[in-house]
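Trainee: What follows is the residue order along each chain.
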Amino acid sequence: MKNKKTVLLSIALLLVITPEVVHAMHIMEGFLPAKWAILWSAVTIPFFIIGIKKVSTILKEDTNKKVLLGLAGGFVFVLSALKIPSVTGSSSHPTGVGLGAILFGPTTMTVIGIIVLLFQALLLAHGGLTTLGANGFSMAVAGPFVSYFIYRILKKKNVNMTFTVFFAACIGNLITYVVTAFQLALAFPDPISGFLGSLGKFLTVFAVTQIPLAIVEGLLTSIIYNLLAEY
Amino acid sequence: MIKVESLEFKYEDGTKALDNINIDLNKGKTIGVIGANGSGKSTLFLNMIGILKPNKGCVKYNGSKINYNKKYLREYRRKINIVFQDPEKQLFYSNVYDDVAFPLRNLNIPEDEIKVRVEAALKKVNAYEFKDKPVHFLSYGQKKRVAMAGVLVMDSQVILLDEPTSGLDPHMTKEIKNIIKEIAMEKNIVVSSHDMDLIYDVCDYIYVLRRGQILGEGLAEEVFLKENLLEMALLEKPWLVKIHKILGTPLFKTEEQLFDYGIQKHI
Amino acid sequence: MIKVESLEFKYEDGTKALDNINIDLNKGKTIGVIGANGSGKSTLFLNMIGILKPNKGCVKYNGSKINYNKKYLREYRRKINIVFQDPEKQLFYSNVYDDVAFPLRNLNIPEDEIKVRVEAALKKVNAYEFKDKPVHFLSYGQKKRVAMAGVLVMDSQVILLDEPTSGLDPHMTKEIKNIIKEIAMEKNIVVSSHDMDLIYDVCDYIYVLRRGQILGEGLAEEVFLKENLLEMALLEKPWLVKIHKILGTPLFKTEEQLFDYGIQKHI
Amino acid sequence: MAKFIFAIGPLNIAVLINNLYINISIFFIMAFLTTFVANIPFSKYFRILIIPFGFLAISIITILIGISDVDIFIWSIKIWSKYIGITYQSLEDVLHIIMRVLAAISSTFFLGLTTPLNNIIKVLKKIKIPNLLIELLVLIYRFIFIFLEEANEIYTIQEMKFGYIGFKNSYRSVSLLIKHLFVRVLVKYESMVIALDSKLYDGEFKIGD
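Protein chains in written order, with the numbering used here: chain Y, 77 to 307; chain G, 6 to 272; chain E, 6 to 272; chain P, 163 to 371.
It is possible that some hints are incorrect.
Stated by the list, open to error - Listed next, the in silico DSS-like pairs over lysine-lysine satisfying Cα-Cα at most 25 Å (straight line):
| # | chain 1 | residue 1 | chain 2 | residue 2 |
| --- | --- | --- | --- | --- |
| 1 | G | K258 | G | K192 |
| 2 | Y | K141 | E | K179 |
| 3 | G | K15 | P | K206 |
| 4 | E | K58 | E | K21 |
| 5 | E | K58 | E | K15 |
| 6 | E | K182 | E | K34 |
| 7 | E | K58 | E | K84 |
| 8 | E | K179 | G | K179 |
| 9 | P | K290 | E | K120 |
| 10 | E | K231 | E | K247 |
| 11 | E | K186 | G | K247 |
| 12 | G | K21 | G | K76 |
| 13 | E | K247 | G | K258 |
| 14 | Y | K136 | P | K287 |
| 15 | G | K58 | P | K206 |
| 16 | E | K75 | Y | K141 |
| 17 | Y | K159 | P | K206 |
| 18 | E | K76 | E | K65 |
| 19 | E | K247 | G | K179 |
| 20 | P | K206 | Y | K136 |
| 21 | G | K192 | G | K179 |
| 22 | E | K120 | E | K179 |
Unchecked claim - Part of the chain E face toward chain G, derived, beta carbon under 7 Å:
| # | residue |
| --- | --- |
| 23 | M6 |
| 24 | G43 |
| 25 | G172 |
| 26 | P175 |
| 27 | H176 |
| 28 | E236 |
| 29 | L239 |
| 30 | I251 |
| 31 | P255 |
| 32 | L256 |
| 33 | Q262 |
| 34 | F264 |
Since the hints were made in silico from the structure, they are not lab data.
For every residue, glycine included, the Cβ atom is placed at its ideal position computed from N, Cα and C.
Given these sequences and hints, build the entire structure.
Mentor: Spelled out as structure tokens, the structure:
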């Protein structure tokens, strides 16, 4: 009995800083048909395994880093539970995909990201267990890798750092949204216009919220990056 | 002024954190709120500043219930504010000045006025000398004083202090005690602390909490004489009260009074 | 047993944190290390358990210098260990049992022995009743006790306690005081604290630190009578010493002694 | 273990079999068990349940509405030369989705709201999930709560200092909050490494069976 109460209490705590509006691009529990749920898990698992392997080689050199990974995970979770004001007047959350990829590297973010997605499903009702594969691919694989590569390329070309970080985080966020729209369109092709029609519909509908949010995320990430550089 | 009237606050799971709380800040200039860990002091403070909303009862400001809309709270918080226990969590900037100026900049106050007020606040807590130091080079006691300045700068009428001396060494504790006494000359202070000697010294009126209820209240000199009350609340007597009870010396409010008494006795 | 011999420790930027420190844990069963914030107490503790390596001088265990290789330190830390001040930073599991069992599992001790030792340690700090609660639902005082159990479970000979009562209410402080006294019957304890009353009550021998140097040392009853010493170290007398000085009552070591004295006097 | 299977089983049934009637039953059974048997107030249950429904609403409408040159819809409006409307099939699809979502989400809630992480960890150990992953789960779970509490406190302090009035202030405050949390990650890391050392950590966070 006590445990149920305490779990509920934790949810209550989360609701204080979790918001009235939906978590932007998490495909909710049970939304995807079995075929697609399994397919996306199959796509994501290899990345996850590679991530784990890579992380464990890093950990072999310095086992203390395990705690750092744990701390980073807690940090990313809280980041995604934070409420930020968005242009439409409502509020939303930073996905933390870009910031995480820049701070911890993309492979680490794959591992941490998927674990965080699991806890989000269990504690916050964001996303779900059956959609973990699909969400994992868009948020813990595609987003971080794209963000990180943009960051690396622009950094090498000596582009202004604030812009580099802004662009990396912004595009990372957009990619997440495009991939999700893609996943939804594949699973629910339009009966008349097929996959492409459906993709068009999803991209349009979510663009209303996602494009401003991507810009917000980019701005926010660059401010944080500068604050950290100052420190 | 602020009054709390038959306030009840429940957690999400339905357990009562606060139950039938009545508090009147008019009863003293410096009010003490004491109670064991988990007796509801922090929850009470959060209700008083409008962060948590009571399930029953209310918080009244100047005779009328406070509102929970953004605009009202914004005005309300210019009147009442709080210094939290852990300074590490309250200092966001790496620079002392920017940190203390934070609330004023949020209110769009012109920079030259900000400068005057920030410097005055820093001086009040004896922190002016390290105003240009990076925050992470400050000692714990210094951080604690900067955190205090960060609230004093808003110039609110009522200031809640949550464990103002926790983690401080005896010397620093004394210093904070003096700062509190000084601020109390212009403002109303509410202090919560586990340090009974501090509470006894700086507060004139005391509320004793136990498991979310007010177990007793009264003038400092009265409350701390009630042995049963303190025991039920899992608290202790201040040592000045202890020696009064055990040795039969007169009841002194401060160490200095006892000291003077000691000198006279020897003469 | 452990001795610190003319130890010097410098930070990376070259400032001396500790200078010519000599400490001998044989001098008392429970040793107190007192000093203002930033006087070097924590740095000293970290040197004593071999986390930091001194620039000069050494730490000796049973007459020979300690080594700084991994294997030696692992053995060494089975003999001497530390409870840090902030419990949040030393609890790694959400599950109380797993957390307390952590060091034993690192030593590959069989699970059935672990069970016996974990339960004994939890009982010693009165934490057995909440052993099944997740750590994040424990109160601060409960977390603090779990952290203590996590070190007691190793059954080391010497235990360093860094601010064991900070942030605790008077009742819990008393409880911790009793726990310390109980542990001290079997082990050597070193306590650092800002609470002079606690130090005076539980410690028999005291080292006074100021700016990284030992300013004075001696039996508790002697050190706390040296007014100059305490003043220079920015510390205070325990109140039992204060009334001895001011009122001329005999010097008592504990409140109970004063209490008995008071009763006799009234008869 | 039993509870775990009891939650994961229906979740799989809901998604794999995807039968309308089975899913309705799963939803009611799970909702009943979570609210009544596990004693979670209905109002709270409902509040958590509607969290992801913003996503559901938007996606459902997107699936529901189609565009065509000819009016093949059971209900439609004509804008210029195009018809925008709902087909019978999309209506049926959507009904299936909603029922599947309800069944699935009530099962996951049952797991999330009634099963402590430790029980889940034990199951994961039994099915031979790699150790490193379990260790990370355990650590991240613990640290989530540390940072949540901190974020909550910092947020309150900023709110008391007018940090969330208007856009400019809010952005500044959120960025400061995140930066501050990250700095605290690093500070914690340093002191935790020391604590680990003194706890004889040898590279693995061991967990009992």
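Trainee: Does each hint fit the structure? Answer for all of them.
Mentor: Hint check:
1. G:K258 - G:K192: Judged against 25 Å, a Cα distance of about 21 Å means the pair holds.
2. Y:K141 - E:K179: Violated, at about 38 Å.
3. G:K15 - P:K206: 13 Å, holds
4. E:K58 - E:K21: Answer holds: K58 (chain E) to K21 (chain E) is near 13 Å, not above 25 Å.
5. E:K58 - E:K15: Holds, at about 10 Å.
6. E:K182 - E:K34: Roughly 15 Å between the alpha carbons, so the hint for K182 (chain E) and K34 (chain E) holds.
7. E:K58 - E:K84: 18 Å, holds
8. E:K179 - G:K179: 23 Å, holds
9. P:K290 - E:K120: This hinted pair holds, its Cα atoms lying about 24 Å apart.
10. E:K231 - E:K247: 11 Å, holds
11. E:K186 - G:K247: 23 Å, holds
12. G:K21 - G:K76: 29 Å, violated
13. E:K247 - G:K258: At roughly 15 Å apart (the allowed maximum being 25 Å), K258 (chain G) and K247 (chain E) satisfy the hint.
14. Y:K136 - P:K287: 22 Å, holds
15. G:K58 - P:K206: 17 Å, holds
16. E:K75 - Y:K141: It holds: about 18 Å lies between the C-alpha atoms, which stays within 25 Å.
17. Y:K159 - P:K206: 21 Å, holds
18. E:K76 - E:K65: 16 Å, holds
19. E:K247 - G:K179: 16 Å, holds
20. P:K206 - Y:K136: It is violated: about 45 Å lies between the C-alpha atoms, which goes past 25 Å.
21. G:K192 - G:K179: Holds. K192 (chain G) to K179 (chain G) sits at ~20 Å (cutoff 25 Å).
22. E:K120 - E:K179: 28 Å, violated
23. M6: 29 Å, violated
24. G43: Given a least distance of 5 Å, the restraint on G43 (chain E) holds.
25. G172: Given a least distance of 6 Å, the restraint on G172 (chain E) holds.
26. P175: 4 Å, holds
27. H176: Given a least distance of 4 Å, the restraint on H176 (chain E) holds.
28. E236: 9 Å, violated
29. L239: With a closest approach of 4 Å, the L239 (chain E) hint holds.
30. I251: 4 Å, holds
31. P255: It is violated, given that the least Cβ distance between P255 (chain E) and chain G is near 11 Å, above 7 Å.
32. L256: 14 Å, violated
33. Q262: Since the shortest Cβ distance to chain G is 11 Å, the answer is violated.
34. F264: 6 Å, holds
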